[in-house]
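Asker: The primary structure of each chain is shown beneath.
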Amino acid sequence: MNPMTLLLRALRLFGMAGAALAAALTAAPLLAAPSAPVVPITLKDDRGHAVSLPAVPRRIVSLLPSLTETICELGDCAKLVGVDRFSNFPASVQKLPRLGGLDDTSIEALVALKPDVVLLGVSARVIDRLEGLGLKVVALEPRSMTDVQRVLGKVGQILGKEDDARRLWNRIDGHIAQSAATLPPGARGLSVYYEVDAGPYGAGTASFMGEILTRLGARNIIPAELGPFPKLNPEFIVRADPQVIMVGQRNAPGLPQRPGWQAIRAVKNQRLCVWIPAESDVLVRPGPRMSEAAALMARCLRDAANGPVPLPTVPFNAPPGGMR
Amino acid sequence: MHAMSGRTLTQLAALLALGAVLLALGLAIGSMGWSPWTEGGDTMRLILWDIRAPRSIGAWLAGALLALAGAIAQGLFRNPLADPYLLGCSAGASLGVAALLFVMGVSPAAAALALRVGMTGAAFAGAVGAVLLTLVLARGVTQSLRLLLAGVVVGVVLGSGAALFTLMNPDILRAMQAFMLGSTGYVGWSAVQVMAASFALCLLVALGSSRALDALTLGEDTARSLGQRLTLIRLLLIAALSLATGAAVAQCGLIAFVGLVAPHLVRSWGPTTHGALLLLSPLTGGALLLAADIAARWVIAPQELPVGIITALLGGSYLLWLMHRRKAHFGGPGGAR
Amino acid sequence: MNGAARFPAERDATGAAAPVDLGRVPALRIELRSLSLGPREVLRPLALAPAPAAWTAIVGPNGAGKSTLLRAMAGLLPFDGALTLDGKPWSAWPAKERARHVAWLGQNEAASDDLTAYDVAMLGRLPHQPWLAPANAADHAAVEHAMRQTQSWDWRERALGSLSGGERQRVLLARALAVRSGVLLMDEPLAHLDPPHQSDWARLVRERVASGGAVVSVLHELNVALQADTLVVMDEGRIVHQGAPDDPATHDALQRVFHHRLLILRVQGRWVALNA
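Those protein sequences? They're chains A, B and C, same order as listed. Quick note on my numbering: the first sequence kicks off at 1 and runs consecutively. Quick note on my numbering: the second sequence kicks off at 1001 and runs consecutively. Quick note on my numbering: the third sequence kicks off at 2001 and runs consecutively.
Don't read these hints as lab results, they were simulated from the structure. Even glycine gets a Cβ: it sits at the ideal position worked out from N, Cα and C.
So the derived list for chain A, only partly shown, Cβ under 10 Å to chain B, looks like this:
id : residue
1  : Val196
2  : Pro253
3  : Pro277
4  : Val314
Just chain A, with the same shape it has in the complex:
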């Protein structure tokens, strides 16, 4: 064999080896995750920023309990690597590293988890810091029922499960409609006051709880023009004379002793629905457990229509770190 032929053969071998290596390298990710699409995901978050993710994220940090629940409801709980201190549902997320709240997030711990995307609320202070550190941040803040539908869709888009998200929403919506439909006629149209906090702060028609009450056919004594959580003059509630009062277990004990409140129908007839902390959790989070929230309120209305509502027997036990 002459040297020229040897050289050409070596080159061809070399080239083929190189091509094979290149093919192997490019094929490796495809082989490793056969179900993940390679197309980048672009969406607009609730700040109006356009965020672009190169692929479906595999490591997710969530700093809002409703977003945590949404991710888990869509079946991707395993992708969560870190949550905030208030995320407590489902039970599996309680074992994940806690990264603080929206105002005091431990940035170092978060960055050390190397997330592909960070989901949090719009009002978080850390957003700029995280983006400055090169992390992908999607800010979503569900506050009303329409918000929940939209946020479900966006999270579904991020996880590549848009169809699942749509089906989930329809399920939730259906459950709520069912709760409303199965209410006996006596439980419909009751006037309700939902106290969110001592102050008194009430949940108005424009709030999330108010929307559920409206769908259940109840009448909120707080009109929509006062906003979602107005701080009221206690006299207003006395004058409105609600038939049912919904209040958290923390604020329930002193309520009947407030001056003038003993004359309110709900107090006189013991139609006070007192939520234990686990129930309050469900009611204040606009998230995938909305149907549970509707079911809780429907139970309260049904009980109220039948007679005095029994108070919870378990004593008040606030979860450490508070509820959100």
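Assemble the complex: chain A is given as a structure, and chains B and C must be docked to it using the hints.
Answerer: Relative to the frame of chain A, chains B and C by itself:
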């Protein structure tokens, strides 16, 4: 009678009349704004008697208590910037309330105890406890500067204690905020009774010590040379100060400025001895707080503004105006000296 | 104010020059072993018993301890020794009773700008007023007398803060006079007073002495002090000499403590000290 007290009597009558007018106004402002008692059914009137009357009277009493405490503090420490909270009362009350709210969720036994003590009890205990701590730190009442410094230290430390409780359990944040900004929303007849009794007692003690306070303006040495028993007077006045502030804060939260501004207002109407000052300041403070409460209820009815914000606005604007007027008086070409 | 008003040839309608009733004038006596302010020993062993119906002036260089001695005599400073009033220890007297016998006017006294001059002067009657009792006719008369004596009656309704330094000082002086105590202790009472008012002050001291009272004053103004009945010369916490202003030994003592930088002369029947 000396001509001076004639002027005091006129001012007294005017302030009482103002209080009566404001009280009538307070009874006419409800959750829907202007709603006088001439309209509406009997049952509704009765209910509103349970709410509007004690609330208005309670606001007046709270303002009177704070103004009395402020006048005592300014006389005792010979400092026109003294206010009722300077011995750590406000921080102590905040800590008491924060501790109570925090403890309520810890265990059922703690919750039962917390319910019995109540927010008012906790605030009162905190206010009085803070003053006692200040007295201990200052090792008695003999040195004013030491008392003031100890009060600052206690205020800062207890205040951060309250903040710590809030941080550990952020649920109580809104309740704490409502307390810190002040609210007369839940003042009922029992609260009115407590405040009225405290006011009567503190006013008696203060008026009894008014001559000693006058003597104290000449300096401690001269006051002692005039036969005044300063240690006893100081103890009594500090006790009255804590009782008055504690009672007001326990029922209505931390209301700013009333205690500071009311004595200044009275002094701006002409030279006054402490006897007149300690009588007219509460009447002024009561009117001030009641007016602020009416505004808080009326402006965005049925929503409510925190009354402490309105007193800060009113009080702050008055102090600004006073500064402006004083500047022209002493600094300008028409200065007296 | 013209000269005629300042030195009335006659007694005026309120009897401003008539002797006042001081009651019984007690004997004040101090026997001091030591007085320390902080780490420093300010007063060394001394004894002083101002005579009744006499004016005693305490003089000496800066830092001699004059004001400290006067405050100790007023019972305002604790010290190692004994302070007695009519033989009874100071602490054995009820506070108000001894306040009726011993009045004090401090140096640079603070005063609230908000009180009227009359109210400030009325504070001098506190030792005589039962708790919470309003001022009676005797109180009003004493205050008026005192304010006329110090020529501060005309602005009695004005707030103290609107008065000049000299006017304020005369109101504070009236306050001390209104007590009508047997013993009157005054620390640097001539601050802010111009020469005519300094002479007025000397005159009212004479009137008080004529009524039987004991007046003790700490003075920087040697020319005024040399008009007193007794001079107490102090230096470095000790009483160096006690004697009449006519006494040559007193002049010697003054020269010694002021390092012979004084010239003590007799001018127009009065002793005068000039800077040498």
